[in-house]
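K.L.:
Each chain sits in its own coordinate frame; assemble them with the hints.
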Amino acid sequence: MNKNEQAPKRKLLAVFAHPDDETFICGGTFAKYAAEGVEMTLVSATRGEMGRRMGNPPYLNRETIAPARELELREACDHLGIGNLMFFDIRDKTVEFEDEELLTRRIEDLIREIDPDVVLTFHELYGGHPDHCAIGKVTTAAFRRSATRGALYFITFGDAMERPERYGHTRKDVIKVDVQAYNEAKLAAFRAHRCQTEIDEWVWLSDKEALSRFGRYEYFLKGDVNAPQRVQHDLF
Amino acid sequence: MIPITRMEAEAELRKFVGSEAYIHSEATSFVFVRNFKVQVTQAFIAGEGSFRAALRFDGHGWLRMEALTHYEVDEHGRLLLAGYDDKGRMNVALHLGREPFPE
Chain A
1 MNKNEQAPKR KLLAVFAHPD DETFICGGTF AKYAAEGVEM TLVSATRGEM
51 GRRMGNPPYL NRETIAPARE LELREACDHL GIGNLMFFDI RDKTVEFEDE
101 ELLTRRIEDL IREIDPDVVL TFHELYGGHP DHCAIGKVTT AAFRRSATRG
151 ALYFITFGDA MERPERYGHT RKDVIKVDVQ AYNEAKLAAF RAHRCQTEID
201 EWVWLSDKEA LSRFGRYEYF LKGDVNAPQR VQHDLF
Chain B
1 MIPITRMEAE AELRKFVGSE AYIHSEATSF VFVRNFKVQV TQAFIAGEGS
51 FRAALRFDGH GWLRMEALTH YEVDEHGRLL LAGYDDKGRM NVALHLGREP
101 FPE
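If you read the protein sequences in the order shown, they are chains A and B. Per this note's numbering, the first sequence starts with residue 1, numbered consecutively. Per this note's numbering, the second sequence starts with residue 1, numbered consecutively.
For reference, chain B alone in the conformation it holds in the complex (with noise of 0.2 Å):
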């Protein structure tokens, strides 16, 4: 995972637009969701230093997360996002993935 870049993270978070993704998202000490499926619309990332990321979906959908700060393109070409504090405990996550993650 390395340090966001708000243009470089954008892009390949817009690479998803127009598209079917499956997606993985989290408040790690609250709540996950793993595998919906989208029609990504729109996707943004806004902020320094710590991110928001929002996607619109399907025509009528929001899904808006903060405090990332990091970000990779795996090797199955699989976007993950996530934040992480000073000790490097996972605070909140946001992958995208054209193919289902393992379950």
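Here chain A stands alone, though its shape is the one from the complex (with noise of 0.2 Å):
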């Protein structure tokens, strides 16, 4: 029928550390691989139970906050064409805490089930967040043991690639998708994460407004800045 069906199916791997995690920091890029016929798995290391926005005005509690954050998290996943989602069960900001060891073989194992071409999680230094240094640290480290091919890049906030000189990297250390087609399914992820998003205005304003607020790109660091990369704005 298409020509997704005659070659192997390209499969992605994600380990973010929240629900959300992977809207905010590149939802375009999901939607966009989804559309390319691209088998997608997202890891939440936690269901963001620890958060503080509960909502606006507030309707969730640290009880109910779990499952409501799941439910968000699902339809995002729709939005974005992610068809695997799976969680860790960690508490939310305690990722760190984790035996680091266990969780990397979790990881591996997951890695070799899989055998994904690509795989996506933080920088363990640029994470931002402990919990996000925590699982990039792991997953890092679990692909660079048990992975025999693919790559590895590290998620990047905003624009901030946009200048890679500033934390030491070149533009050969990056790559810049064009996501542009795929705001719309970003928007309407950003909007699944409702209790996370009410409390910026910008989001529910009219759909022109709101995509108006996302970049054109989504930045990508690679996990081996030596690997041969075949084009600068792709990561397959």
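If you're looking for bench data, these hints aren't it; they were derived computationally from the structure. Note that beta-carbon positions come from the ideal geometry of N, C-alpha and C, so glycine has one too. You may find that some hints are simply not true.
[What the hints assert, rightly or not] With a straight-line cut-off of 20 Å between C-alpha atoms, the simulated SDA-like cross-links for lysine to any residue are: (1) A:93 to B:33; (2) B:87 to A:57; (3) A:93 to B:64.
[Stated by the list, open to error] Anything over 12 Å on all C-beta distances counts as not near chain A; from chain B, calculated: (4) 5; (5) 7; (6) 14; (7) 19; (8) 24; (9) 47; (10) 48; (11) 50; (12) 78; (13) 86; (14) 102.
[As the list claims (entries may be wrong)] Which residues of chain A face chain B? A partial, calculated answer using Cβ under 7 Å: (15) 61; (16) 62; (17) 199.
P.N.:
Okay, here's the thing in structure tokens:
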């Protein structure tokens, strides 16, 4: 029927910390690769159950927030075309206190099972939140141990990697993905994460106004800066 | 969650006096403690608009918290108190249950 059925299925594995990381940081990229037929698995280490935003006006509490955020993430995954969603059931804000070896092995097993072409996670230093850095560290270790092929990339925030020199990197280390055509799906996913985005008025403006807040590109840092890269605008 | 009225919230809190309670307590951006178990000996709610809660326990301890705004008794009979700001962000939470909260 189409070329995706003949060629071996391309696969992506993302290992993140909280529901909404996938949408807020690189939602456009997920939507783009979903449209290209890539099979995608997202791991959320936690359910984001220690978050501060409880809806606006608030309708959640510390005991009800976990299932609410799980549901929101499932809806966001539908918008972004992420077919497989897994939780590690770690309590939010405690990822860095998990047994590192056990967690690494768990991700290693997942990489061996899925055999992804692309693995996405946080950079262990630039993650910005202790849970992000912790999950990035173990995922990086797991990739280095287990992946016999494929490529590792670190997700980055906003336009920070438009100027990679500031972080000691060069443009060659950065993949710049054009997501302009997928920002509508990204906006739908933002709105799916309702308890987290209700506080941000721009998300709820008209589609046109809200879409104008998104950048055209999402940036990724190569996990192995010496790995050959065919093009600088595609993760595969 | 419903806005706290002092007398009603205090009456709910006092149902734990004389018994063991599992407590979840947090100042959201800074600290949380989940499932410490105490024998509650006294319980208080004070203030108006924004409320203070205090527990005395085990014959030698205090727990005191400010900035509470809302509460509810959930379907498991747990008393959930929380303090939200004007944009729905949680500042503090104090939960009491007769069984441990999910870890």
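K.L.:
Now tell me if each hint is right for this structure.
P.N.:
Results for each hint:
A distance of roughly 12 Å separates the Cα atoms of residue 93 (chain A) and residue 33 (chain B); the hinted pair therefore holds under the 20 Å criterion. With a CA separation close to 6 Å, the supplied pair residue 87 (chain B) and residue 57 (chain A) stays within the 20 Å bound. Under the criterion of a C-alpha separation no larger than 20 Å, the hint pairing residue 93 (chain A) with residue 64 (chain B) is inconsistent with the structure, at around 23 Å. Distance check on residue 5 (chain B): its Cβ is at least 17 Å (rounded) from any Cβ of chain A, clearing the 12 Å threshold; non-interface status holds.
Listed as outside the interface, residue 7 (chain B) is consistent with that label: its C-beta sits roughly 21 Å from the nearest C-beta of chain A, beyond the 12 Å cut-off. No Cβ of chain A comes within 12 Å of the Cβ of residue 14 (chain B); the nearest lies about 21 Å off, and the non-interface call holds. Residue-level check passed: residue 19 (chain B) sits 20 Å from the nearest beta carbon of chain A, beyond 12 Å. Here residue 24 (chain B) does not stay apart from chain A, with its beta-carbon only about 6 Å from theirs, under the 12 Å limit.
Listed as outside the interface, residue 47 (chain B) is consistent with that label: its C-beta sits roughly 19 Å from the nearest C-beta of chain A, beyond the 12 Å cut-off. Non-interface call for residue 48 (chain B) relative to chain A: holds, since the shortest CB-CB distance, roughly 20 Å, exceeds 12 Å. Every CB of chain A lies more than 12 Å from the CB of residue 50 (chain B), the least distance being 14 Å, so the non-interface label holds. The claim that residue 78 (chain B) lies off the interface is violated: its Cβ sits roughly 7 Å from the closest Cβ of chain A, which falls inside the 12 Å cut-off.
A beta-carbon of chain A is positioned within 12 Å of the beta-carbon of residue 86 (chain B); the least distance is around 9 Å. Not every Cβ of chain A is farther than 12 Å from the Cβ of residue 102 (chain B); the closest lies at roughly 8 Å, contradicting the non-interface assignment. Below 7 Å, beta-carbon pairs count as interface contacts, and residue 61 (chain A) has one with chain B at about 5 Å; its hint therefore holds. Nearest Cβ of chain B to the Cβ of residue 62 (chain A): about 5 Å, under the 7 Å cut. The hint holds.
Restraint check, residue 199 (chain A) versus chain B: the minimum CB separation of about 5 Å is within 7 Å; hint holds.
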